[in-house]
Amino acid sequence: MSHPDRTIIALEESHFGLDGGAMFGIIPRPLWAKTNPPDEANRIQMSARCLLIIDPDRVTLIDTGMGVGFSDKEREIYNIRNQDAGLRAALSQHSLRPEDVDEVILTHLHFDHAGGLRTPADDGTLRPTFPNARHWVQRENWSWAHSPSARDAGSYRKGDFDLFDAADAPPLNLIDGIAELFDGVEVLPVHGHTFGMQVVKIEAAGQTYAFVADLIPTASHLRDPYVMGYDLQPLKTVEEKREILYHARRDDWILIFEHDPTTAMARIDVDGRGRVIPVPVETLSHT
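full-length UniProt numbering numbers the first residue of the sequence shown as 1 and each following residue consecutively.
Hints are computed from structural coordinates only; laboratory data are not their basis.
Computed from a predicted model, the values in this text were never measured in an experiment.
Some hints here could point you the wrong way.
Label pairs and their computed distance ranges (CB to CB) [as the list claims (entries may be wrong)]:
1. S71 - R273: 39 to 47 Å
2. K73 - H247: 36 to 44 Å
3. T125 - R267: 43 to 51 Å
4. T208 - G272: 49 to 57 Å
5. R127 - D5: 42 to 50 Å
6. P120 - R81: 14 to 22 Å
7. D5 - L126: 19 to 27 Å
8. P30 - D224: 32 to 40 Å
9. K73 - S143: 36 to 44 Å
Glycine is no exception: its CB is placed at the ideal position from the N, C-alpha and C atoms.
Model the full structure from these sequences, guided by the hints.
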């Protein structure tokens, strides 16, 4: 189905910074600094971008951003700024509240993707940001997040997702592999970045979109060797990225980049030397 009544909107939860060397792995700084200039602390600019999908009968959000669970020291380290706690202001621009969200799809449970699951209530206690939503995550990532390796333990904060242990927690649905969650919204597991991450494929108004999360965090990560130092299985990332890019170019998918500070969406092309390049899509809202 073409889903002519479906609208997708890119929302900015916050901006932050991560070490450029970690974000580009083996790529030398003189190369990645051309497109992603670092600050004095070697951090590149990053967006915590979420995706809103509005259907006539359903409101869906993909990922929840950084959230509020950071100390002042951590906020300085990660240069967290321009933050919309709980995406309340971003949603209000579309006449929505967090309470109106029906579905929350989590690509994975790293803190910059799942940190926004909780926000402070009026009394200061942390409460579920989306109390009326079903929450979806791959079972494999849920398991890994509770027992990560020493290498990636710092990326998972149990305080972000232990809300599901409470008796009054919103529903949590664990997904096993490839699945169509509802008509025209499909999840595709990938394992190079972390085990059980999922790319979300969306059909809207005759166009296919792919929210690629940390498989391709920015438009600068399209080429094969541009793989994050954070990835647990970098060669697997290269393989998975090639497969997504093959479909994106052949079938005219629009990719949505979760962390690119300037390019939210792009089609894929190749330049005269056969290198994959982005063709940015200007608008952040598509119907």
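Hint check:
1. S71 - R273: 39 to 47 Å: With a Cβ separation near 46 Å, S71 and R273 satisfy 39 to 47 Å, so the hint holds.
2. K73 - H247: 36 to 44 Å: 42 Å, holds
3. T125 - R267: 43 to 51 Å: Given about 44 Å between the Cβ atoms, the range holds.
4. T208 - G272: 49 to 57 Å: 27 Å, violated
5. R127 - D5: 42 to 50 Å: 32 Å, violated
6. P120 - R81: 14 to 22 Å: Once the Cβ atoms are compared, 18 Å apart, the range 14 to 22 Å for R81 and P120 holds.
7. D5 - L126: 19 to 27 Å: 35 Å, violated
8. P30 - D224: 32 to 40 Å: For D224 against P30, whose Cβ atoms are near 19 Å apart, the range 32 to 40 Å is violated.
9. K73 - S143: 36 to 44 Å: 30 Å, violated
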